[in-house]
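Visitor: Letter by letter, the chains look like this.
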Amino acid sequence: MILPDKSVAIAEAVSRIGDGATVMVGGFGVPGTPFTLIREIVRQGPKNLTLIKNDANERDLGIDHLLASGQVRRLVTTHIGLNPRAIELMNGGRLEVEFCAQGILAERIRSGGSGLHGFLTDVGVDTELARGKTTFDLDGKTVLLETALRADVAIVHAVRADVFGNLQYVATARNFNPLVAMAADCVIAEAEELVPLGGIAPDAVHTPGPFVDCVVELQELSREYDVVRR
Amino acid sequence: MILPDKSVAIAEAVSRIGDGATVMVGGFGVPGTPFTLIREIVRQGPKNLTLIKNDANERDLGIDHLLASGQVRRLVTTHIGLNPRAIELMNGGRLEVEFCAQGILAERIRSGGSGLHGFLTDVGVDTELARGKTTFDLDGKTVLLETALRADVAIVHAVRADVFGNLQYVATARNFNPLVAMAADCVIAEAEELVPLGGIAPDAVHTPGPFVDCVVELQELSREYDVVRR
Amino acid sequence: MVARAAREIAPGMVVNLGIGLPTRVVNHLPADFPFCLHTENGLSGIGATLPPERADRNLIDAGGAYVSTIPGSAFFDSAVSFALVRSGRIDLTMLGAFEVSETGDLANWKIPGKFSPGAGGGIELAQKARRVVVLTTHTDRDGNPKLLSECTLPLTASGCVSRIFTDLAVIDVTPSGFALRELAAGVSAGDVRHATGAALEIPSGEIPVF
Amino acid sequence: MVARAAREIAPGMVVNLGIGLPTRVVNHLPADFPFCLHTENGLSGIGATLPPERADRNLIDAGGAYVSTIPGSAFFDSAVSFALVRSGRIDLTMLGAFEVSETGDLANWKIPGKFSPGAGGGIELAQKARRVVVLTTHTDRDGNPKLLSECTLPLTASGCVSRIFTDLAVIDVTPSGFALRELAAGVSAGDVRHATGAALEIPSGEIPVF
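Protein chains in written order, with the numbering used here: chain S, 1 to 230; chain Z, 1001 to 1230; chain W, 2001 to 2210; chain Y, 3001 to 3210.
Isolated chain S (complex conformation) (with noise of 0.2 angstroms):
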């Protein structure tokens, strides 16, 4: 038998967002966001995302173009400090954003990656982030129910894949990536380098192919990967 090859265009790939759509996006930071599919996502306009992503990026770079454009009704994520559109939509509330701790966030991902319902922890039980969460007693300690996440769509940026989308990701690059290459109903992933059947060691793989829908290779490196000079 052979592996099937699910290398497609990635106007074909992004196609499948359509308006409305929960769309997770992996990256911490710069390093691992999926720059290029984010890209296409503006060029091809869906509205009224909810989109699920550590972070928001900075100004000018990864989802704060989706944020510039309006496309994105709700976001779901850990820490937006470092983008001041982000805050301002939020503040003026054109952006609803649900704050997760990023671990938590990374575990629901993870939950809904891995057909569960959600997953039981103390993490935040003394905090505002506690609030409107279903509370258990476990053994006399009081836990909150944590909800499993899912998307219809994810994308990634892996540092390479091969045709039937097993992934590596990089070094920091990794961060959320093979989380949400778990947790949604059709996974896209970009990649620096697309390699025949056979280019990745089985022991090296980080996100196995029977979670990847589709792998676009990328024909250039945005330069929003660029270093930051600050």
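Since the hints were made in silico from the structure, they are not lab data. Using N, Cα and C, we set each Cβ at its ideal position, and we do this for glycine too. Treat each hint with caution, since some may be false.
[Said to hold, decoys possible] With a Cα cut of at most 25 angstroms, we get these calculated SDA-like pairs of lysine to any residue: (1) Y/3114 / S/136; (2) Z/1047 / Z/1222; (3) Z/1133 / S/136; (4) W/2110 / Z/1092; (5) Y/3110 / Y/3140; (6) S/141 / Y/3088; (7) W/2114 / Z/1085; (8) W/2114 / Z/1084; (9) Z/1133 / S/221; (10) S/133 / Z/1138; (11) S/141 / Y/3140; (12) Y/3110 / S/74; (13) S/133 / Z/1140.
[To be verified] Computed spacing ranges between beta-carbons, pair by pair: (14) Z/1088 / W/2068: 51 to 57 angstroms; (15) S/18 / Y/3024: 44 to 50 angstroms; (16) S/228 / Z/1134: 46 to 52 angstroms; (17) Z/1088 / W/2137: 39 to 45 angstroms; (18) Y/3033 / S/201: 32 to 38 angstroms; (19) Z/1048 / W/2141: 38 to 44 angstroms.
Dock chains Z, W and Y against the given chain S, drawing on the hints supplied.
Guide: Using the frame of chain S, we list chains Z, W and Y on its own:
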């Protein structure tokens, strides 16, 4: 800064396992079973152990030695069909056995290893594995609470370790090893090869060193790893 | 029956084959058929089964058979393996059965008092694979039907089975119960009805033979 | 103060340093000091901070600074990173603070109406690291005390802080409240009491100076 050295002699590492301890054991069938550490537990002789392991190995292999020596009081597992001794001890009331669905056992261990209290799933909800479990109604669907598992000690088999405890597994010898390596107060790894710091590429680490407490280099590979000719 | 079951696999599918009969299904597919075999002990892209003299001691399937990789295979841990199963990434699983009910309930892991080795990964596969088909002899060794109006043994999962391949027939589980779809060569619809422990819908007209 | 805080790190520890002052602690440790720095975006074994011209675009810490690896570093995803945090594998974290209460409550992520960027990884670090110490100026820019009998701002975690390093003193959080342990050079116990918004236990006898 430099990373600390955690390599120790096998006798010292295994001496952390006292009477009554809960011990998680990596492996699925032969691959990944820490045969040499298990033999040392037999030699040191701690009693009344609770073992958490996917399977009971086969007769005269792996944890069967601990069953034969009468050191095990209780076993949390998914399948013991290949070990007639385990079945006999269970049926005779001399070994308490708790069965989990396989992915649920994996997830309960990972949950403990992730500092969570448990998770919600509908797996097994219509089966006798649901008996005695707390159920919740989640948006009209019945789900079960599966509690997190942790152990006093976890023992794993790695193909390669560095002295800080970064671990690599090979092929299907990975299985439960990275999970139990997260979920114990003391994690002991036996390694076919012990390499200096820098001997494993940072992107290719399967279990990060901060999870691991003791690294034991194998002087020779147990014969129990030999390919079985049925 | 195994050859017929092999046609259940469509190009592009991720498939998990249960221990026993199901693993023999791959022998009936062309070498260049594009699909992916998953095994719950941590491998996508299973290659050929190997004899002991060519085996890798670290490379087995969930049934303990020595297997190999193919270009594009990936190894992962048991949590990731069942994340694939539970999150709907297994398009098809083929399982053995002790009993199947006319509502698609499956019993294949325990016979109280006789056989109780634990469920392994079967419960999640039966409950969570997108499509579950069963490969089994139509009756047990004593000639008792395995297709029943209700299961008598502890369930693996309820309402999960879509189709059953037996030595006598191909039978679908429909909202109105078992429906005969195909017959094995030399078997009559009456033979199948006789060997089935529940109502069996038999279509009018000619029934295809496999 | 940063130099003094550096002595809090014992050999063998796994340490997470919050953004700002805490990251400067490493500059005060010998090059061969055996410990491990963790950052929540997925790296154990952080090496030196690098200027842009030597930076790797894919290698940052959680504060966005370009960092490097050392022999034995490992990369992992965000779920694994916080599994380390929540399961007790971070021996020590050093965090900044807006306010610390005499029972060890910490507020460092939100000022309602003014500053609400989200908590990031701070809540789990504060609640789950085995030991939490705070590095902060003793008072805010307006001279108001940051060490209070009760926090007025939304909490990051309750009862988590063990010790506070400020520009004036080293103060422990004890079951009976704040206790002065050490003084900065040129600072008196009275100065510290004056700048603290809660009762401060001052030991009799000489107080060590750092």
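Visitor: Taking the hints in turn, state whether each one holds.
Guide: Going through the hints against the structure:
no.: 1; hint: Y/3114 / S/136; verdict: violated, 33 angstroms
no.: 2; hint: Z/1047 / Z/1222; verdict: holds, 23 angstroms
no.: 3; hint: Z/1133 / S/136; verdict: holds, 15 angstroms
no.: 4; hint: W/2110 / Z/1092; verdict: holds, 18 angstroms
no.: 5; hint: Y/3110 / Y/3140; verdict: holds, 15 angstroms
no.: 6; hint: S/141 / Y/3088; verdict: holds, 18 angstroms
no.: 7; hint: W/2114 / Z/1085; verdict: holds, 15 angstroms
no.: 8; hint: W/2114 / Z/1084; verdict: holds, 13 angstroms
no.: 9; hint: Z/1133 / S/221; verdict: violated, 51 angstroms
no.: 10; hint: S/133 / Z/1138; verdict: holds, 13 angstroms
no.: 11; hint: S/141 / Y/3140; verdict: violated, 36 angstroms
no.: 12; hint: Y/3110 / S/74; verdict: holds, 21 angstroms
no.: 13; hint: S/133 / Z/1140; verdict: holds, 17 angstroms
no.: 14; hint: Z/1088 / W/2068: 51 to 57 angstroms; verdict: violated, 35 angstroms
no.: 15; hint: S/18 / Y/3024: 44 to 50 angstroms; verdict: holds, 48 angstroms
no.: 16; hint: S/228 / Z/1134: 46 to 52 angstroms; verdict: holds, 49 angstroms
no.: 17; hint: Z/1088 / W/2137: 39 to 45 angstroms; verdict: violated, 29 angstroms
no.: 18; hint: Y/3033 / S/201: 32 to 38 angstroms; verdict: holds, 35 angstroms
no.: 19; hint: Z/1048 / W/2141: 38 to 44 angstroms; verdict: holds, 42 angstroms
The structure shown violates the earlier hints numbered 1, 9, 11, 14 and 17.
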